[in-house]
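Colleague: Residue numbers (the numbering used here), protein chains in the order written: chain B, 1 to 606; chain S, 1001 to 1606.
These aren't lab readings, by the way, just hints derived from the structure by calculation.
Not one of these hints is a red herring.
Capping the alpha-carbon separation at 20 Å, the derived lysine to aspartate or glutamate pairs in DMTMM-like fashion look like this:
#1 K286/B <-> D1102/S
#2 K1286/S <-> E1253/S
#3 K1286/S <-> D102/B
#4 K1180/S <-> E26/B
It should be emphasised that the depicted structure is a prediction, and the values quoted were computed from it without experimental measurement.
Number of protein chains: 2
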Amino acid sequence: MSEPLIYLDPDSPLSLQNQIRGKLVELLASGAVPSGNRLPSTRGLAEQLDVSRNTVVLAYQQLLAEGFLVTRQRSGIYPNPAMIPKHVASVERGGTGGAPPDWSARIRVPTLGASVPEAPADAWLARDSFLDGSVDPTLYPMAEWREVTRLALASREVREWSRRSPDIDDPMLIEQIRTKILPQRGIRAAPEEILVTVGAQQALWLLVQLLVDREVRVAVEEPGYPDFRTLLALREAQVLHQPVDAEGLIVDEALDDCGVVYLTPSHQVPTAVTMSTARRQALLDKAAACDLVLIEDDANSERNYLGQPHPALRGMDRHNRVVYVSSLSKVLAPWLRLGIMVADPRLIAAARELRRVTVRHPPPHDQRAAALFLALGHYDVMLARLGQVFRERWTALRDALNYHLQRSVVTAPATGGTTCWVAGPADLDADQLVAAAAKRGVHLEPVDAYYAACDHPRNCFRMSVRGIQVNRIRPAVATLANLIRDLDRGLAERLDSCSGKWLRGADLEQALRGRTIYLETVYGDPCTIELLADGSMVGRAGFADEDCDAGHWWVDGDCWFRQWRHWAYGEAVGYFTVVDGTTIKWFNAERRLVNHATLRPGAATD
Amino acid sequence: MSEPLIYLDPDSPLSLQNQIRGKLVELLASGAVPSGNRLPSTRGLAEQLDVSRNTVVLAYQQLLAEGFLVTRQRSGIYPNPAMIPKHVASVERGGTGGAPPDWSARIRVPTLGASVPEAPADAWLARDSFLDGSVDPTLYPMAEWREVTRLALASREVREWSRRSPDIDDPMLIEQIRTKILPQRGIRAAPEEILVTVGAQQALWLLVQLLVDREVRVAVEEPGYPDFRTLLALREAQVLHQPVDAEGLIVDEALDDCGVVYLTPSHQVPTAVTMSTARRQALLDKAAACDLVLIEDDANSERNYLGQPHPALRGMDRHNRVVYVSSLSKVLAPWLRLGIMVADPRLIAAARELRRVTVRHPPPHDQRAAALFLALGHYDVMLARLGQVFRERWTALRDALNYHLQRSVVTAPATGGTTCWVAGPADLDADQLVAAAAKRGVHLEPVDAYYAACDHPRNCFRMSVRGIQVNRIRPAVATLANLIRDLDRGLAERLDSCSGKWLRGADLEQALRGRTIYLETVYGDPCTIELLADGSMVGRAGFADEDCDAGHWWVDGDCWFRQWRHWAYGEAVGYFTVVDGTTIKWFNAERRLVNHATLRPGAATD
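Assemble the whole structure, with the sequences as input and the hints as a guide.
Modeller: Rendered as structure tokens:
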């Protein structure tokens, strides 16, 4: 072994000593170096690799201690032949006497529907990704996770969970879920009502297997979560695609003959609508009256920035009709594949059996690490931090949409969460927009996969703030606004050809002084702006005028300018202005319509 | 918060500082301490808990840095109300207006069969457990695992795997599987032929879903792995229970109309028989002739202590008819839930889709930790170590059975592995033995769950060396031997009532001098013992006399004594001896038959 083929990678996460160790083992185990060959001296290898001799000595010592290398007196260090794995001969593919099976014909399961969103691999962590599946690894306290993971692999802990039957979940984790996670959703549960699963998706799969077959009619939300529909298709269930409105899943007589209803009440997938309290109660009443079982998917656990969060449906359920499913991956760490199911003990017991024959159980060290993370209070700290970060980003997204795309887009009503459902101009082709935006590095989620029964609206797309830094939101939305205007070029009203009268200079000032402008935010709140005679202005937004600001307006040449203290980033901006009856239209420097509103005389009528 | 209810657990794996931190967060998060209340001073809390003040200071500082606590000037330290999670009200169960569903009637999946072995929870890590599911945590290099787990959670690694689509397995792990694990089984595979699963069981589940439905006839081994039969039952497959002999699964025309054959060729579950090369080739030929797909379950990867290991069936398969399934949990670390499937790329792609909608993917940090463990060579070291340990234990088990239970039990032919299939005396009730042994702390595996088509043999049980230390094997087997003799009490031949002539003193010496004794080991090898005139003796065992020993024999009073150099623990042991024609019978001090053999004049005929 005069010339070992060891290459050290300066970018490797491994230490030099670890790299040397790994490469030596690889060379020896592969049989590239016969076991009778002496290894190079530590001095020689250190010089060759340009590392300190001590680094090589430590790597050698470790391998000697493990018996992988042996010393022979006065001769040197050699591989230990007893440690070299036996390689077994294999045959070449092909040859006579047979042919491969027709594998495509062998597969008895139909091709499954696409998951959402389908996106190019590099989109997931792009700087300007609004994809819901994007993960922002900086949000998670890695030092704390490394610590609890180390503790979970302490010999004492390993002995403890080795001793458990594999069907039993970590009692420490169950206790933490019971006392820390579920109470925040208004749920009380006994240990035997809780199952830990390999992610929330496994909980849904188990429930579909257990509760659904061809005989059972299942209601799902339309639009709704496609991976749940796929699970139903695998069981050949009868499916009712029940529409969703601004209060969530519609509760009517169509549900009466469904055995099971699946819903995402916290923030509906995909619209982000939160189910109203009245609708929740109506659904629970319907369930009691028609003997329905409700599967409540709370994987996007409610984050309500406007107003109090609702309890989970299971927290409101007096009659044990709701099966609750949630994800620990989303609230603890994205790499954990841990979910929870809360249900009647009989259902939990059957799910545990089915879990055993399909995957055995979720990894015990991850269960213990999650339990320690919760017990040490890291969860509470992180939850508060995620709440702050997502609230800030979500607000920034609404502000940016409102500033750059007012009157162009409308978002579905939502009071929190991490996603916005956006409807563009009626004639927008959202597929075109998604493709054009991706070329500029801005990734949006198309919505077609969420629809099963009816055609998807062509002008809608979805934006999530999970993966995007707050300071990137405005520039990304500005890019989108330009693209939407470009795509809409043929149809947008232009200053030169629009109806109404283009006002300038003193006429413009005259027309606006003392008037009030009525408009609507992109998220559907009313907004009034009073233009006072002294050049100041007062803005009030929201149904209870809960959001107020003040600023100044003025006319300079052909343009009307305004500047708020806080709204619209506090920036001065000027528009060409046309008045057409009671409609006021604003055009940008490219003379294209950017917003319009209703103009009335006098002060706002409160 | 004058009296915080903090109790420090001296046995906790957590440091005192971590315990204080966890308890403080718990108290605050639970709302037990209103956020307006000042926390006790560090000095006060330290005195109360009897820990150093610095420990409390560090816990407080950490919580202050995380924003969980806040300082108010000249006043003290307070909980930060912004960090306290909102608890949500929940309702009481019960009340009017409805009743719970009939959950038992709702479950559409039949109760699943039992897994094997069913054992009391405390049996798994009992000192004398021969249960195959027992884990010996001391076998795994915990310090190395903690190190690679820490590396896998380094921020840089987290960023890297966050960027991947969740459907893609860790490329580093796939490369390590391809180049380190599969070649040892004689398998070459491209990356697109490999899928990482949540344990080997998930791979089997995926394959049954994909390849089997009511129309497909599937052959399984009888006796065989019950959890595979359960998967077939869930798909309502037609099942052929094909018997196993000393060469493995029997290949005959019964297989002709099976679409799929499931087998465990390395060490058959449960008999531990290794499939012979001829049988392997016959099965591959049959598969080609009858268009069969073979599912090769290699979760008990072949450990062959007598002779070379066979390549996996997939390594012998020229026509891509074999789907290979194995477990990383068994060779890397028992807590990892990682398995592998190697198959045609079309089948792998379909399995990946099904994996996505059922559990998404195996935890990415575990995939990376396993990859690093392999890359650093820890795997090679551990595999060699496990090989040595299991060989030593397996040999010790055979020696102990041969010493204590010769002529009472017979093991199925095996050349390695970690389990022994043991047939006791024909009239032994193994269920009684298992129960009686458990009472003495020795845990055996009953075999009834392995049989589906025919009644299980009443006198068989199974012993595994996975979880038992080598020095415990002989005493545990001695306990068993006593129990077997006790259970057999009514039937065992006794010295006082047996046929033949009880020889003593000079008669005995005369009868044996210069004779040769022929017998069989419990594992079926022939054995000859020459009793030379000078009081020495020579023993040869094995079909090629590969195991030889020498010793002495003598007569003392009524007993014949023998002592080997190595065999039979090198201990001197004496028996009452009866000769009945060409049969020689040995009785113990309780005058019960313990062994018998054939006696011939003169030297052994080689």
